[in-house]
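One letter stands for each residue in the lines below.
There are 2 protein chains.
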Amino acid sequence: MRIVKAADWGMTRQVDYGTPEQIETVKRIVRDVRQKGDAAVQEYTLMHDKVGISSEQLRITESDVEAAYKRVEESFLTAIRQAADNIRRFHEKQKRTSWMEFQPDGTLLGQIVRPLKRVGVYVPGGKAAYPSSVLMNVIPAQVAGVPEIVMVTPPATGGTDGIDPYILVAAAEAGVKEMYRVGGAQAIAALAYGTETIAPVDKICGPGNIYVALAKREVFGVVDIDSIAGPSEIVVLADENARPSYVAADLLSQAEHDEMASAVLITNSPSLADAVSAEVDRQLAVLPRRDIAAASIEQYGAILIVDDLREGVKMVNEIAPEHLEILTEDPMEWVGSIENAGAIFLGAYSSEPVGDYFAGPNHIIPTNGTARFSSPVDVDMFMKKSSLIRYSKEALLANGKTIMELARHEGLEAHARAIEVRLRD
Amino acid sequence: MRIVKAADWGMTRQVDYGTPEQIETVKRIVRDVRQKGDAAVQEYTLMHDKVGISSEQLRITESDVEAAYKRVEESFLTAIRQAADNIRRFHEKQKRTSWMEFQPDGTLLGQIVRPLKRVGVYVPGGKAAYPSSVLMNVIPAQVAGVPEIVMVTPPATGGTDGIDPYILVAAAEAGVKEMYRVGGAQAIAALAYGTETIAPVDKICGPGNIYVALAKREVFGVVDIDSIAGPSEIVVLADENARPSYVAADLLSQAEHDEMASAVLITNSPSLADAVSAEVDRQLAVLPRRDIAAASIEQYGAILIVDDLREGVKMVNEIAPEHLEILTEDPMEWVGSIENAGAIFLGAYSSEPVGDYFAGPNHIIPTNGTARFSSPVDVDMFMKKSSLIRYSKEALLANGKTIMELARHEGLEAHARAIEVRLRD
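Keeping their order, the protein sequence lines are chains A and B.
Going letter by letter, the first sequence gives residues 143 to 567 in the numbering used here.
Going letter by letter, the second sequence gives residues 143 to 567 in the numbering used here.
It cannot be assumed that every hint is accurate.
Note that the list lumps identical chains together, so a pair holds whenever it fits in one copy or between two copies.
Derived lysine-lysine pairs resembling DSS-like cross-links, with alpha carbons at most 25 Å apart [unchecked claim]:
#	residue 1	residue 2
1	Lys-269	Lys-192
2	Lys-212	Lys-319
3	Lys-259	Lys-456
Keep in mind the hints are simulated off the structure, nothing from the lab.
Same shape as in the complex, but just chain A (with noise of 0.2 Å):
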């Protein structure tokens, strides 16, 4: 792996926004999709997916989620209990209630909070069919309160029955009653608009493939959509105390993920820098995804040095990585000046992978950079508040003459006159 001054290094990322043919196709889905409801998802569900299907074969029943219950291990299920657990015990801490002052001159002003009312969750096919994100993304929702939580995932090549027996367990289990064998812009179009078998919703989420990316950015305001995530990243800032084996297999956990995905090791201690460099090549060699993780490695990796941890840290604000694993001798020390990270891990024991599937916090953090101005999927994301108003006749007697002044300011005399007729009378 590639040892590199600091100063001498600059990593351009791109994002796949896709061709314009893809975007011409999303978007002629998503409009026959939205004019033609059940029909059109039939048609480039049989197109895409080469899979027939009817109407009545989209909805994945009750017995087709206990067959899959017979077909997992037990000691998944076990693992998927006690990680759902964790990320329901973290998520419930993030619960907001509405709240509400009151004035002694009898004026009422508060937030009401509230969950929203319907949400898709998005599950891709294939190998990228994850439970861990299932879990991510459905239990900060059902936290939140969301009466009806919706999962659409592609009919696996296998046919109807296909599906992946540990998404359906997985969703399940974070409380999904409502699933539909659905994939691709159809599968997000059907959840924007709504189809005579599947109703629509107010916000979709999950993540997908470049069709499934762009259908989203699609139909955003007609629903809500989350971020729509780019290659994974870890950056792990680390001084001579690090033990290089586990610095570089946390580089390599993030590396196996895709060929864009960036590991990065930022530390002022050379010698580190060396024995990481020499660690990671050593476990590169035996991994199952090996090329994977050294195309990765090689376009998107690097060990940084800098003079001092403190440029350390500049760097990592800069990057504002998804993941940051702080591996020096007191991590604690080094929270306070870290201003974007979308997760950050301390200490030798903190391994991404613990993260990703178990501690608690989500997951599906903000890549590329946003880290900056977004935040992790939260309870937050699946809430909305509406202001609430009372003013009283004394209030409006009080102020009513400033309100109108700041109407006719703005020439808005309607305005004023909407307090003006009260305080005619």
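We have chain A already, so just place chain B on it with the hints.
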């Protein structure tokens, strides 16, 4: 004003996404500013605002602000300060803090909640320059603790000195210390990418014309943006207890904003419907902005008769209005069944302008049905969260195997090995 049976009414709103030519123009401006910085900003300011301006003149100086203070009336200053105090007080109630949870096995989990570092607020020029909107955009960011809040506003046709003094005073009162004379798509591009004079921001908010809206859409992802506002809307839900003159005045205060604005009364009282219809005509005739208000009422206004208020509430939830006034015998009775409304005004003295200018809640509220899934501007929109995970040796020993099982199930062996390398030691 026309009266229709609720069942016979259907309103379709259009959102302006710009023409292909406008989109192309905006893309070019953004690209040029990104590449050429101040020079491109100056070029487009000359082209679109007809103002020649040097790099040095872009920044609005302290003495410009002092001069503005001398030009505004004392009563305006008093009014804007009272409004700012109320807005600040309401938004301070929303502020969240970081939290942590310590578990007996040494695990630490938490969320760090922090303000964004630098935010840009766009303020339109000309007649759309509303001091109240400056307060509503800036104060939540300031309460969030954003250290750098930057305002941009186009140089008025009067030249570099022609910026509305009320805007400068409102910005200064809200706490803005950095302001620039630049508007249009070039201002948005400068905020997103930075120029020699203007440092880049993390989020851009504030209303603007179609070019500003398209530019915000274009730079979204590089920076965060607020939602793009559609035309303003009010729904009044009223029974026979409501005063027709109040209802009519409130409907007109919305209608005067814009020909695209929408003002709708929903009532179970045919006699109220008749009385409001007559009142609207009477009040409209003597309104300064009667042409605008009349066009709005004609196109997007309606009085809907429902059989009972329960049916009215159902319609409200379908419309998901920006503003909802409840003018019934006991308004509080209905709050619990209102699922979708950006701001809810209760009772005879809570006329919408009370909230537009003064009470404290934000007047930037989701339009066009998006209250189904989004919220009025608040402090949360200027904060971001990072997850914090510190796993102990004990916790990793206890849970490591479960984590490895979940990782291996997903085919991510390097994830499992990052745990394994630690368990082995």
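Hint-by-hint comparison with the structure:
1. Lys-269 x Lys-192: The answer is within: 17 Å in one copy meets 25 Å, while 57 Å across copies does not.
2. Lys-212 x Lys-319: Answer is within; shortest intra-copy Cα gap is 18 Å, inter-copy 64 Å.
3. Lys-259 x Lys-456: Result: close only across copies, 14 Å inter versus 42 Å intra.
Figure legend: structure checked against the earlier numbered hints; every hint is met.
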